[in-house]
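Colleague: Sequence:
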Amino acid sequence: MTANLTSKATFDFVSVLSQAAAAYQGQEGTRPSAEILVNALLQAEKSTKQERLTYPFESLLGKWQLCFATGTKKVRERGGIVLGKGLYVPKFIKIHVSFNATLEQDSDRGEISNQVEFGPVLLNLTGPVQYLSKKNLLAFDFNQMLISLFGRVVYNRPMGSGIQVEDFYNQSIAKQPFFGFFLVTEDFIAARGRAGGLAFWIRES
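Just remember that this note's numbering sits 3 ahead of the position in the sequence shown, which is counted from 1.
It is possible that part of the hints are untrue.
What the hints assert, rightly or not - In silico lysine-lysine, DSBU-like type, Cα no more than 30 Å apart, as pairs:
| hint | residue 1 | residue 2 |
| --- | --- | --- |
| 1 | 137 | 66 |
| 2 | 138 | 88 |
| 3 | 137 | 94 |
Claimed, not checked - Restraint ranges, calculated between C-beta atoms of paired labels, are given here:
| hint | residue 1 | residue 2 | range |
| --- | --- | --- | --- |
| 4 | 34 | 161 | 35 to 45 Å |
| 5 | 107 | 37 | 35 to 45 Å |
| 6 | 190 | 161 | 27 to 37 Å |
| 7 | 32 | 155 | 36 to 46 Å |
Calculated from the structure, these hints are not laboratory results.
Where is the CB? At the ideal position from N, CA and C, for every residue including glycine.
Kindly produce the complete structure, drawing on both the sequences and the hints.
Modeller: Pasting the structure below:
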């Protein structure tokens, strides 16, 4: 009985997320409301924790387009932080994240690229990542910024915390920005950031 209920819950949130991905890419259907999508993401996160699912670093490799994200806000009367309503990323802004692995075999280290494209302006941040597969946590640090205008590079310099790559790998993940991935499929991925917000990406075709 429990297995059947779990299967039904899994079908429900995967269905909603699949619908959101297809509609956002202009394939078919209408986009679920922000509230429904947030609930689906929270169901996915709960299911992963209950089933203790883990995802290998290899399943994250590639280029993903940010489709939906929530912020967080402090609530005094609750004494903590709660999710914002969330919103779909406007189609005139393209935000991509890419993960690449190092050449070392069986390594959970690699590089992250976070790219924002708005009209003729492109901003690209890159840096190292390390992945803790047992916790589905991906820590990262941006150490290089590139800006191009109409396809021409106008700025390309080091940035960020100034942490050297080897020092980054030796640091505790608790001191680093990270994503906690709770859903990874061939078509989309979802994670909670260190600040508590949720993000939903679609694989770039």
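Colleague: Mind listing which of the numbered hints don't hold for this structure, in increasing order?
Modeller: 3
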